[in-house]
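Residue numbers (my numbering), protein chains in the order written: chain A, 4 to 819; chain B, 251 to 479; chain C, 813 to 980.
You may find that some hints are simply not true.
Cβ-to-Cβ under 10 Å is the rule here; a few derived chain B residues that face chain C [unchecked claim]:
1. Lys253
2. Pro284
3. Ile351
4. Ser387
5. Ser398
6. Ser401
7. Pro417
8. Val457
9. Arg459
10. Tyr460
The following residues of chain A were derived to be distant from chain C, with all beta-carbon distances above 12 Å [said to hold, decoys possible]:
11. His43
12. Gly44
13. Lys111
14. Lys131
Hints in this document: simulated from the structure, not taken from any laboratory. Quick reminder that beta carbons are idealized off the backbone N, C-alpha and C, glycines included.
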Amino acid sequence: MEITRRDFLKLFGGISGAVLLGNMDEVISLPDSWVEKAQHGPRIETWHNTICGLCPSGCGLRVRLLDGIPVGVKGNPVYPVNKGGLCPLGLNSLHSLYHPDRIKGPIKRTGAIAEDKWVSISWDEALKTVSDRLIELRNQGAPHQVAFLGHTEGTIMQRLIRRFMDAFGSPNYFQYASSKNDAIPYAFLQGHSTIPAYDILNARLVVSFGSNFLEEGYSPVYYTKLYSHHDEQQTRYVQIESRMSLTAVNADQWIPIRPGTYGALALGLAYILIREELYDIDFVHQRTFGFEDRKDGSGARHVGFKNMVLGNYYPEKVEEITGVPSATILKLGRELGITRPALVMGGQGTLDNTNGTFAAMAVHSLNALLGNFERKGGVFFVDDPPFTKSDLKFQDSVARDGLRQPSIGRPDARTFPFTQFSIDTFAKRILSGTSYPISVLFISGGNPVFESPNSREVAEALKKIPLVVSLDGLLNETSEHAHLVLPDHHFMERWDEVSNVDSVGFTHVGIQHPMVSPMYDTKHCGDTIIELARRIGGSVGQAFAVASYENEVKEAMKGVYQSGRGAIVSEGVGTMWIEYLQQRGWQIGQYASFEEFWDRLVKQGGWWNPIRKKVRMDQMFPTPSGKFEFYSHKLEEKINFLAKGAENGASPQHRERIFNQLHISARGDNVFLPHHEPVPYDVDMPVHLTTFRVLSMRDGQGASLPMMQEMFGHSIHRHWETWVEMHPETAATYHITEGAWVLVQSTVGTLRARAKISQGIMPNVIAIPFGLGHSSMGRYAKGHGANPYAIMKNMYDMLSGKPALQATKVMISRAM
Amino acid sequence: MPKWAMVIDLDKCTGCGACSVACKMENNVPIVDPEEAQHGRALFWMDMVTTFEGELPDTQVKHFPKPCFHCDDPPCTVVCPVGATYRNPEGIVAQIYHRCIGCRYCMAACPFTAKYFNWYEPQWLDEAHGIGNPDVSRRMTGVVEKCSFCSHRLQQIKEAADLEGRPIREEEYIPACMESCPADAIVFGDIANRDSRVSRLSRSYRVFRYGEDLGVKPKVYYLARRTGT
Amino acid sequence: MKWFLRLGPVMVLLVVVVFYLSLGANDRVAQPIAYNHKIHIESAGLTCTDCHSSVQSSSAASIPNLEMCSTCHSEQPISESAEELKLIEFVHQGTSIPWQRVYHVPDHVFFSHRRHVVIARLECTTCHGNVDEFTEPVAAQFLPITMDNCMECHRENNVTNDCLSCHR
């Protein structure tokens, strides 16, 4: 027997009667075979490159393995998105691999929902249960009763699921949290629905309307890298938002603004630019439509953007709406006008409200006034990666009939007419039973029961579905409702691709590859789908010619190889060098075969192409007028179409009805111009509720990791806990002191959290961080903090279908 | 003899906290219970300190990452009764855990609260069975621990350099915090070499050090355009 | 206050210390197979690095296991030793041999074979003794791994004794 010093101390601890247990236990859990390997192996070190899978930002990861066991991660220094940087969550990704509550194999629920009673079953049994039901549905001629609720799958995974659903015969594949809806306001103005990339590196002034790009954006690490050069580039950052976010903290100026009024301020700045003729006159006259007043074919006069702004958004009025002093507006407007390049960004704050679409349009139209498109220090659009095309070749008649059925999650004319999917519509349709029932639902990633404002409805809807199949690797509030869980691999165990992260300024494809063999009896969700298709057989089985998801990725990358463009990420291959070679018809690195290209691609972690296709200015905006449209034809056409669809002819009454349905209060031409729509707040509630996300939580996955819980609120010493930020004035009004428990009450529900009194938030606004308040998601998430989404009113931007996360007003009081 | 020092550019630093987590993962720093964390017993070798000043709308929130400053004249080493903490010839203020008796004199002496006490068993590492960073020891209950400038990396780098019979290259010795900083705000290196990046930056007009007036000669320099950050 | 009550904890401490010291570092370890170094070196003509393959390339020297052993001992025994049959049994079952580590460097010490063998050119025998004479498996440390032993050698050879060069 050997006595270590620790045993010795323990002995003494025992004697003195104080056994101290204060550290987390079981942060890391391993299969026994791994323990054996870790303790007795020769400790041979290898490094593998992959892409972080904890959020959709797509940062390159370099993993250190000893004897094939991952022991450390750092950023991949040659991957262009993050260039070696990582966020706290990414750095903690090993703890998600070793999470003790990962699902170890297929399980079947035996108890009630959230009772946590599950039994293990074999993969064969699990797949048989599902495929039998699927075959049965096809035999009944009801393949459309199958739905797939995805989250943020990459292009190839999306294609695979879509192909399965098309071959099977269901129109019901939806991505719950895709960024597609974010692009709707941009599409109205610029014609195509690509989320713009912003060249903040070369801009001299960056004005951000609620875009917390250092913390909540599409790729915070990418933007942090660009931001870090602000000193040598002499870029000035101005951040406009109600709460001082991390981006505002780092900005040169923070302008507090009332929630839901971002559009009005943008138009107030447009007023200054137009009034003082500080806008890009050439660009506006040659490349935009609807700026000046005009007469249409029938001779009717239309008000232009210019006169609409000059008539409605003068600084004093904007001050009244937004709470931003008119002197500040004047100063910022002039600064925008005389600084070149000056860049304007919209983001979460702008979009997350009932008037989000019009507000984002107002913000984006400032970029047009400044002539920022395809300019250094401006706004640009990235080409799609040249993946191999993959089409479904054959559908049988069952599938064709099924696909003719209306999609269950696609809103109708009265609600969200511009979107393909709304979680609100989806839940309501299932609950009301007005359309056909859903018999089988697949859920992969995402957690709508936790993070959507209609969570109660979603939960009820899930209860009505006879077979819910979750593909998650860790149980969460949504997968608690599943009947079967077919667990997916962790991202370090699987093949996948993460390409063209929104708002990142170049074409790129990152490759995830399995660096460890699966720790548990899990299966890649792509392979689960392929396996199900095989078991269904017939034309569904034939749709999947390749053996596995790995081949699916490989097949798609052949197109990238054959395009001969771009380069595999590696040291010392910069933009200039790639451009030089491409202009001369060369490719970086010559590969004898695709296999050679593929091996190197997997080893290096990705491919990128910083060189964009040259776009002619007159082809840049695929709108009806071929120009940037201040006056959106697209919006007008759709509304006319909806009005006509109601009855014959788009009479004013019909249009009126449509406007009311879409909660548009403006009338006349203003509807189709960027304008400010007041948010329908509860009049009897005094305080605005806003939420924000911190880097350690991102989309909420961080809550399952103890180290991220400890980082949550570290800056204000509120570890593992949700807090309510409020201005001292607000606190004084409601007799709340620092650290006191506060009750936050909306018309929907009540929440309890600790007060944080801060000068970094507007009076009469409170901010609650998102991420905590879980009732599931593993032992570390359960029972800590509160979830602000649970007290949010179920409201949406009727045009984009995005949840209005800042449209709820609440009452606050000191909790007893 | 090199002298290791760090420069943190606060104009670049966004306060994201990546350095804190990179450090915790690299050095097997324990995670404490939620209640203990609330009592201020969470351990961050690389802490992220946030200060709030001013009134709306001119509120100034400042973040600064705070490792051990590795003072050239460290107050913590002179009070140690057992010689468990000392300044080594290369300027690293080391903590030898197996010598430490946990009296916490050094914690009291440190003006920057950069030292942390292990109140609890590192169970999470025991159960990890060799996962976690194998290059760094586990600290047992009752010892003081702190930032080591990732000196375990230096041990390996020195060996690699000696093997090739050459001096250490500047870009070789990089602590975990610098490696993962998304804003490239942290620079580390040999301040005795006047051509190194650290040395050049430490002579910038933007430079300041915490506790300069205490005469402890910290070797972590901060750069900030706005003074008094 | 009774004086002997105060002495209680001290007595316990004393007992534990004596117990601890009596265990010592040189406790003999039983190995699963009675490996004979001498035969392997003399008859088979092996050198240290043939089996302890990572001596020159990494910090750990590595203890060979099945893969290494099975290059010679796979199907048919090549000697008449009963110990070899044990090994072949392990090879057949594919379970790794539970060798007991004898030279155990504590977790808080950074020790590298590569540094000592390649850079400092130390002979293996300096620390491990004349292994080529061993007919019995290694059961105890030849040069006990203690800080004194490390530091003495460092002093003699004018190598740094800075704490941080070994402690981590």
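Tested hints:
Here the hint on Lys253/B is broken, as its CB sits about 14 Å from the closest CB of chain C, past 10 Å. For Pro284/B, the interface hint is violated, the least distance from its beta-carbon to any beta-carbon of chain C being 28 Å, above 10 Å. Hint status for Ile351/B: violated, given a least beta-carbon distance of 14 Å to chain C, over 10 Å. A distance limit of 10 Å between C-beta atoms decides the matter here; for Ser387/B the minimum to chain C is near 4 Å, and the interface restraint holds.
For Ser398/B, the interface hint holds, since its Cβ comes within 10 Å of a Cβ in chain C; the closest pair sits about 8 Å apart. Annotation: Ser401/B was flagged as interfacial toward chain C, and the flag holds, the nearest CB pair being 5 Å apart, inside 10 Å. At a threshold of 10 Å, the smallest CB-CB gap from Pro417/B to chain C is about 14 Å, leaving the interface hint violated. Taken as an interface hint, Val457/B does not check out: its beta carbon lies about 27 Å from the nearest beta carbon of chain C, beyond 10 Å.
For the restraint placing Arg459/B at the interface with chain C, the shortest Cβ-Cβ distance is roughly 23 Å, beyond the 10 Å limit, so the hint is violated. A hinted interface residue such as Tyr460/B counts as satisfied when its beta carbon comes closer than 10 Å to some beta carbon of chain C; here the least separation is about 24 Å, so the hint is violated. Under the 12 Å C-beta cut-off, the non-interface status given to His43/A relative to chain C is violated; the minimum distance is some 7 Å. Gly44/A, annotated as away from the interface, has a beta carbon of chain C within 12 Å; the closest lies near 9 Å.
Residue-level check passed: Lys111/A sits 34 Å from the nearest beta carbon of chain C, beyond 12 Å. Remark: the non-interface label on Lys131/A is consistent with the geometry, its nearest Cβ contact in chain C lying 32 Å away (cut-off 12 Å).
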